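Please construct the entire structure, taking both the sequences and the accompanying hints into account.
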Amino acid sequence: MKHKRKFMFEMIRGLAAIVIAIAVAFVLILLSSDSPGTALECLLIRPVFSGGSLNVKSIWAILGRMTPIIFTGLGVCVMFSANQFNLAGEGTTMLGGFIGGLIAIYIPMSAGLHPAVCILAGAVVGGLAMLIPAIIKVKLNASEMVCSLMLNYVIMYIILHFLNNTFADRSKGATQTYPFLETAKVTKLIPGTELTWGFLAALAATAVIAVFMFRTRWGYAIRMIGINESFSKYSGMKVGAVIIASQVIGGVLSGMGGAIEALGRYSTFLWKELPGYGWTGMTVAILAKNNPIMVPFAALFIAYLNRGCELMSIYAGVPSEMIDIIQAVIFLFFAAEQFMAKTRQKIVVKDAKEEMREKQLAAEGGNV
Amino acid sequence: MGEQEYVVQMKGITKVYPNGVAANQGVDFNVKRGEIHALMGENGAGKSTLMKMLFGLEQPTEGEIFINGKKETLSSPTVAISKGIGMVHQHFMLVPNLTVAENMVLGMEPKQKSLFLDYKKAVEITKEYAQKYNLQVDPDAKLRDIPVGMKQKVEILKALVRGAKILILDEPTAVLTTQETEELFKELVQLKEQGYTLIFISHKLNEIKQITDRMTIMRGGKSMGVYNTADVSKEEISRLMVGRDVILTVEKEKAVPEEVVLKVRDLEYTNEWNKKMLDKISFDVRKGEILGVAGVEGNGQRELVDMLFSLNTPDGGAVTVNGASVLHKSQRAVRDLGVSLIPEDRMTFGIAGTGTIEENLMSDRVASKRYNKGPLFDMKAMHEDSDQLIVDYKVLCKSRKQQVGMLSGGNIQKVVVAREFSCNPVLIIADQPTRGIDVGATEFIRKKLVELSRAGAAVLLVSADLNEVMELSDSLIIMCNGKIAAYFEDTSKLDDTVMGEYMLGLKQQDEEEVRRVQHEA
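As given, the protein sequences belong to chains S and R, one line each in that order.
All the letters of the first sequence, read from the start, carry residue numbers 1 to 368 under our numbering.
All the letters of the second sequence, read from the start, carry residue numbers 1 to 521 under our numbering.
All clues given are correct.
List of simulated lysine-lysine pairs, DSS-like, C-alpha gap at most 30 Å: (1) Lys350/S <-> Lys394/R; (2) Lys289/S <-> Lys4/S; (3) Lys275/R <-> Lys233/S; (4) Lys373/R <-> Lys289/S; (5) Lys287/R <-> Lys329/R; (6) Lys4/S <-> Lys380/R; (7) Lys139/S <-> Lys238/S; (8) Lys289/S <-> Lys398/R; (9) Lys329/R <-> Lys238/S; (10) Lys275/R <-> Lys139/S.
These are calculated hints, taken from the structure and not from any lab test.
Model, not experiment: these values are computed from the prediction.
Now the structure itself:
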């Protein structure tokens with residue numbers, strides 16, 4: 001009974017956050033668009049419905065967009081659970097895409113094996129890169145946050161160096177590599193859409209990470225260390241090793257996501273800046289409250305919002321800066337812990353009183 | 001009605017915390033002017049919550065507070081202080097690196113040229129108040145260098161300087177020696193004679209009987225009534241507190257010590273402030289016996305326990321358990337030797353607060369075969385064993401899935417004890433195992449400790465609670481200034497005045513006598 005009420009509250013809180021966020025967003029849209037009605041429709045409805053029927057293409061696009069941010073979101077979940085504020089999801093995603101891409105270009109393999117090897121390689125280098133902030137944290141007690149943040153740029157510029165000087169396809173006007181071999185591509189789940197097999201891989205990864213976090217001793221150690229490091233050490237857990245492992249797992253996941261995204265969406269490697277999935281992954285993890293099971297839902301929310309904003313800028317002429325502001329407003333309301341805290345307190349009080357009454361009744365009943 | 005007689009009236013106070021815990025339920029609490037009023041109850045009975053509301057640290061969910069007959073909203077400690085309420089916290093709210101005088105005037109500093117601290121003035125103020133209330137302190141001493149008893153005086157003076165007429169004392173004797181407690185009581189009576197009102201929170205029946213005029217007893221968040229101290233017996237108080245008669249002595253058979261389990265030799269440690277905390281400590285604990293470690297806190301007990309569980313490394317000496325050294329080992333390795341520890345600071349080391357009861361019960365054994373099927377947890381085995389431990393150790397909770405941090409202090413400690421006692425330890429180190437927990441849980445934990453020692457565990461009991469070490473220990477050492485000041489082979493023949501003298505460093509046994517605690521070469 002109590003759980004139900006709490007759940008209802010969380011639902012209502014979520015809905016209220018969305019309604020208020022949309023109201024604020026609408027004010028912003030009014031200020032910036034000539035056709036606010038269309039803009040709002042683009043934001044809310046057109047990602048799934050347009051012209052009275054299901055917008056199938058757009059739905060696949062949304063699902064496709066979820067793929068990389070599920071991976072980075074899961075990675076951040078694992079790291080944040082261990083209380084490690086590692087921000088290198090960004091760099092490791094790019095690195096995974098780059099290394100996976102190179103293998104896709106230069107090492108011929110059979111069609112089934114090729115993407116798997118590329119993705120695996122992306123995962124491995126992602127994990128290896130994360131060793132840097134992790135080991136520095138454990139051995140020298142330097143903040144993983146600063147270190148991983150800087151690592152992003154180190155990775156990015158190393159990749160750019162090699163992209164510009166070693167692997168560039170000079171026949172092209174833009175800086176990009178030679179095309180990926182056909183065998184290496186992560187194939188479409190539904191032909192002609194943005195949705196690849198990577199989406200299923202992301203869902204599978206979600207299940208694996210959820211089981212890992214809640215049903216294995218390593219996941220348990222990660223969570224306990226995140227709650228109380230002293231307690232974990234005292235209980236006999238290998239705190240240093242687990243802290244390193246959590247960040248390596250984070251790197252593996254984002255590296256994997258990077259490779260899948262690179263090989264699924266593009267035909268050559270052409271990222272010339274950090275792709276942004278790492279940052280979005282943090283947003284996803286925060287929305288999911290570090291619970292891997294909630295990651296796909298948080299990713300869906302972000303991808304939907306993204307798509308809506310895109311449509312809004314195409315069809316209603318809302319400038320892209322405004323889009324960023326609107327996204328930020330919605331996110332702000334959603335993530336605010338204290339939002340509706342007073343109502344929550346009232347529910348808690350009501351619950352507690354009921355419980356007292358029940359106890360009293362039980363006690364009196366017992367005496368009779 | 002004689003309303004003016006009451007300086008504090010709290011009416012129908014209910015407090016529900018955001019986590020859903022109803023700490024107070026319709027509590028009435030009235031204190032007369034110029035009395036020493038005891039607030040008694042087990043841990044989790046809601047005493048601290050009630051006092052936090054009186055001091056403005058928490059806001060009541062329902063109910064009204066009247067100070068001197070006037071309804072007040074105490075929205076913060078600053079407001080409470082301005083109404084003449086002062087609080088002496090159990091854990092002192094003082095800055096260790098500042099001097100006594102600086103601590104006294106913190107936040108209300110006398111200024112020189114309206115910018116710099118007028119230190120001379122601060123010292124003057126300190127001296128003036130110390131004289132006026134006959135609470136002797138050294139204004140120039142750094143706070144971290146003075147004994148606990150003096151720290152407490154500083155806390156009391158601090159409240160008085162801020163104009164407090166009503167003083168709340170939260171378990172003031174918890175950290176004091178017998179002598180220091182006596183001194184404190186004299187001072188409190190003096191304050192009372194000068195017209196101050198004192199609210200005294202405690203679970204110690206003897207103390208309550210000794211100095212209070214009236215008492216309010218709380219149980220389960222409710223008031224069990226107000227009594228004149230002279231009219232109720234200790235047994236009655238105890239019954240009102242826990243709802244049953246508690247036997248405060250633990251019955252135990254005589255110990256039959258066998259071979260040495262824990263062997264400590266010449267342990268030395270100097271801390272980061274260059275203070276020698278352990279000075280050539282040597283002793284043995286044998287299978288089947290409880291060795292008590294008594295002493296005023298801060299005399300090396302904490303450092304000793306840290307060394308024994310390898311949480312810190314000594315400068316010199318040896319620690320072995322059944323012949324194997326524990327120094328430089330990981331906690332896993334120490335636990336694998338069969339050592340378990342009930343840590344003094346249970347919130348930092350004992351539990352993961354937002355974890356479930358089950359997760360906390362399993363923390364030392366998740367890697368064991370019993371709970372793993374291949375790479376995955378055997379959840380069924382975990383649930384079974386957790387439920388069994390909850391039953392065996394009488395942990396009061398809704399289910400194993402409840403957050404451990406939401407339990408009361410006594411139940412949190414039961415979770416810690418359940419884990420530490422159920423791993424077949426050969427050596428149990430119990431560091432302040434019953435500090436700050438209710439009578440029922442205390443009794444339960446003490447009984448278990450005796451039971452385990454009689455079943456063949458070696459037990460090292462470190463406690464600042466004199467009654468506890470004297471009740472439970474078979475033999476006992478007293479630590480003072482990082483040394484073993486005395487060893488008593490038979491605790492039953494001891495009395496607390498003698499112990500107090502050793503604890504305060506007035507006496508010291510000679511080396512021969514102390515060496516008797518080394519049962520092996």
